[in-house]
Amino acid sequence: MAWLPRLTRAQMRIVQLAVSFGLLFILFHAVDGAEAMRILRRADLGLLALAWLIMGLQTVLSAVRWKLIAFKLSQRFTWKTAVSEYYLSQFINQSLPGGMIGDAGRAYRARHHAGLVKAGQAVFFERAAQQAGIFFFFLAAFIITTILPGGLSWPLWLNSIVTPAVLISLGLPVVFWLGWQLPGPQKRALDSMWQAVIASMLKGKALPVQVVLSLLTALCNIGAFYLCALATGTELPMAATFGLVPLILFMMLVPVTVSGWGVREGVAAALFPITGATASAGLAASIAFGLVFLAAVLPGVIAILKRKH
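With this note's numbering applied, the sequence shown closes on residue 309, and no number is skipped along the way.
What the hints contain is simulated information worked out from the structure, not anything from laboratory work.
None of the values given here were measured: they were computed from a predicted structure.
Calculated pairs, DSS-like style, for lysine-lysine (alpha carbon to alpha carbon, straight line, at most 27 Å): (1) Lys80 - Lys205; (2) Lys187 - Lys203; (3) Lys80 - Lys203.
Using the sequences provided together with the hints, build the complete structure.
Below, the structure is given as structure tokens:
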């Protein structure tokens, strides 16, 4: 819309910060934030420490996945560099608005090995593989609990949102196939990307390794949130853990806030009552997870301090 003013990058960051703080402020008044704070003060530190270790493992496994994909795309760097770079990108993602700035920097710094295009593809494929793992567990839980009685009871309002979203996600391959039918630069770009996908993730023994890594990192994320909920007094059933927690985690991808803060807490507060817990418990669990995740990426500070620029 031409009449809307174009925001500078700094202004956009301010807007995203304002959205995060604004949403958290609204939530604190809407779902009894004082009770959520009381729940947090009584949190089990041992369980939170275990969640912190699991999130650290998730970062290391993600770095391994990125290095393997990058190697197939003619990029050469050490395991130590991969882990250091991944911690750095995670720390930046968690600290700055947008949630993807660290990944863009990771691709930019790796461009010297095979060019910026392949570096960007490696980072994009790695992040997509992680979300695919989380989506797999969600889809399995959604199908099972919808077909079999006695599992998670999906309310009508949530079903009307989730079902179209699932169908759209499953229809994405068709959209890409239609794109391949277009002549010109669109087809060439998609051909190039598909060849890179085959080379980095589907050829030879790469596929089973990538599948295992994606499922493991997804389990780390879902398990860490489960432990944060347990630490704050809510024991989520297995159906809710794999059916609802992925929906909460997906909110961290929404680029209107700082690493999903505010949006993630709002969705957790809305979904926890489905399990019989309170909205305040959902708010507390989500805040605990956000703090644990932030603490888990703190080694990224070391990577920053070691750099001259």
